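Engineer: Given the sequences, and given the hints that come with them, work out the whole structure.
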Amino acid sequence: MGTAVRSAPGEAPALLVLTEDDVLRALGAVIDPELDEPITDLGFVRSVRFTDDGLEVHLRLPTSFCAPNFAYLMASDAKDVLTALPDTGRVVVELDDHHDSDIINRGLAADAGYLGTFRHEAESDLDELRATFQRKAHTAAMERALTALLRARSDIEEQDVASVVLGDLPDDVAKEALLRRRQTLGLSIDDSEPVLVDDRGVPHPVASAALALRRARSTRISLDGNAHFCRGLLATRYPGSEADQTPRPEENFFPVSSLIRTTRRSVA
Amino acid sequence: MYTKDGEKFFIVDAHVALWDARPENQRNIHGKQFIDCFYDYHANLSPESEKWPYEEYLYQGGERFMRDVFADDIVDHAIFQPAALTEFYKTGFGQTEEAWALTQAHPDKLTYNHNFDPRYGEAGLDQLRADHERFGLKGVKLYTAEWHGESRGWKLDDPWAYRYFELCRELGITNIHVHKGPTIRPLDRDAFDVADIDHVATDFTDLNFVVEHVGLPRLEDFCWIATQEPNVHGGLAVAMPFIHTRPRYFAQIIGELIYWIGEDRIQFSSDYALWTPKWLIEAFVNFQIPEDMTEYAPITMDQKRKILGLNAAKMYDIPVPAELQLPAADETATGPRQPERADLAAV
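Chains as they are written, first to last, in this note's numbering: chain L, 1 to 268; chain D, 1 to 347.
Derived by calculation from the structure, the hints in this document are not laboratory data.
Here the structure is a predicted model, which means the values were calculated and not measured.
Glycine is no exception: its CB is placed at the ideal position from the N, C-alpha and C atoms.
Check the hints yourself; a few may be wrong.
In silico negatives: residues of chain L with every beta carbon more than 12 Å from chain D [unchecked claim]: (1) D22; (2) E37; (3) S47; (4) R49; (5) D77; (6) A109; (7) A110; (8) V165; (9) L179; (10) E193; (11) S222; (12) R237.
Taking CB as the label site, the calculated pair distances span [unchecked claim]: (13) L:T184 / D:E122: 43 to 51 Å; (14) D:Y120 / L:D102: 25 to 33 Å; (15) L:D97 / D:W147: 17 to 25 Å; (16) D:A195 / L:G28: 31 to 39 Å.
Below, in silico cross-link-like pairs of lysine-lysine (DSBU-like), each with a Cα-Cα straight-line distance of 35 Å or less [what the hints assert, rightly or not]: (17) D:K32 / L:K79; (18) D:K4 / D:K314; (19) D:K314 / D:K138; (20) D:K4 / D:K155; (21) D:K314 / D:K51; (22) D:K155 / L:K79.
Structural biologist: Shown next as structure tokens:
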């Protein structure tokens with residue numbers, strides 16, 4: 001794909017040269033809220049093309065019947081991040097092969113917003129929808145960090161997780177992911193903060209800590225499973241698209257066998 | 001009846017369909033998009049040997065249906081769960097007349113469930129009465145993502161839906177199979193949200209709510225609701241084929257279900273013609289939770305028996321040979337099941 005050189009009228013050609021990599025990097029900030037992953041890692045970016053007066057990006061999804069509200073959310077976020085890039089000119093984002101492609105693409109072209117795009121089908125906006133999935137993403141990140149800790153630390157048992165604080169977590173990918181998601185929810189990332197908390201940052205009492213972790217695990221399993229499934233479906237629908245996907249870490253990157261010890265002891 | 005190494009299993013396939021998605025029956029582009037979506041599921045999740053060409057996938061007809069579903073006499077009974085999709089297909093997606101004729105020809109092998117859409121209002125209530133009169137319904141299949149004029153979805157706790165559930169109660173249609181599909185009005189919320197199940201299950205405790213594909217892609221929300229509502233069951237449509245492509249994920253689904261809702265409320269189904277039952281049953285009988293997933297107890301043969309047929313047979317009063325019957329587990333009606341079981345198993 002080509003590059004675009006932009007310059008203001010009457011000025012010498014600018015030195016800013018926007019490349020496809022810049023575009024993809026920008027699109028990397030767009031997250032599929034259901035899967036908590038960048039659309040670039042999922043292979044949802046179908047094409048990037050520089051046009052005479054700007055930029056045209058096409059998106060694709062695993063099925064025609066993916067939920068239209070999420071589809072709209074990702075497509076409009078994509079348009080926003082591209083418009084925010086310097087000197088992109090006219091930005092066109094289109095969603096291909098979806099049952100609502102016409103409605104969504106018309107709405108995006110007109111910058112009609114969610115309410116303007118879906119009219120009678122929409123009531124307010126998608127903030128609550130986005131927030132719901134930010135909460136789930138936090139729950140899953142919390143479970144990953146705690147289960148990894150239980151695996152690594154022989155002195156912590158499952159019912160002790162209520163007292164684990166952020167400072168107890170090793171500085172690894174799981175902790176980094178958790179801190180990011182806590183910040184999204186507006187929760188403190190101070191080392192003294194308990195890890196096992198609800199969406200408002202309220203800690204779980206010791207008595208229900210194991211159950212809370214267990215429930216968080218079902219959220220994580222659901223999220224991971226959906227992510228793998230959507231990747232697979234996309235690859236079936238668009239042969240070759242798997243080359244555009246970044247593999248998601250194995251769903252059990254921590255073997256749960258690590259818990260044998262703690263669970264055994266809790267029974268004994 | 002399926003027999004493996006001397007172990008016998010009474011099999012009920014709780015979700016099958018006889019559909020017609022051929023181009024001549026497609027009303028518009030969405031009819032094509034819908035069956036293409038199904039075909040991608042089929043192609044993505046099937047073993048190579050079980051994959052069909054696209055053309056065969058569009059329509060099977062009664063003869064092939066009987067051959068596929070009852071191959072090698074493994075399946076004892078199957079239950080039609082038809083989706084109407086009248087906005088996408090001229091004669092609908094599920095073929096009522098053909099399926100009903102097959103059911104009449106094989107009453108010992110087939111049960112016919114029909115469907116309703118509360119957006120038809122009073123006329124729909126009359127239709128449901130007439131359908132019950134004709135089919136002697138024990139259950140219905142509801143697809144909340146069905147399009148209907150300007151509306152592209154409904155919720156189980158809509159006031160009109162309640163009128164229909166009251167009629168179901170009156171007529172003795174006790175088994176409500178719910179397919180939570182995407183798209184719900186208003187579009188603002190999570191399209192796959194299962195919260196409306198919670199409301200109806202609480203308000204209609206004498207009806208069974210079988211949530212198909214166990215709430216996927218919202219397994220966690222389904223488990224949380226179902227663990228609190230003893231009349232909510234999980235149907236394994238669409239979840240089953242993960243046993244081949246993603247066995248570890250399948251193990252987690254089954255492990256979570258047995259933990260949260262117990263072995264008595266899970267029903268096997270192939271979702272024919274999405275997949276055929278034979279290979280799924282063979283795979284499930286051979287299936288075991290991987291050893292390193294010690295938080296889940298190993299799945300027992302009796303649990304498999306219940307899931308593969310006894311649970312649905314009980315719900316539908318399908319006669320089961322005495323030697324194959326099993327008692328309900330001695331478990332709590334709500335809340336996680338024997339949370340200590342997994343731990344003991346690891347000892």
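Engineer: Of the numbered hints stated earlier in the document, which are not met by this structure?
Structural biologist: Going through the list in order, the structure violates hints 11, 12, 20 and respects the others.
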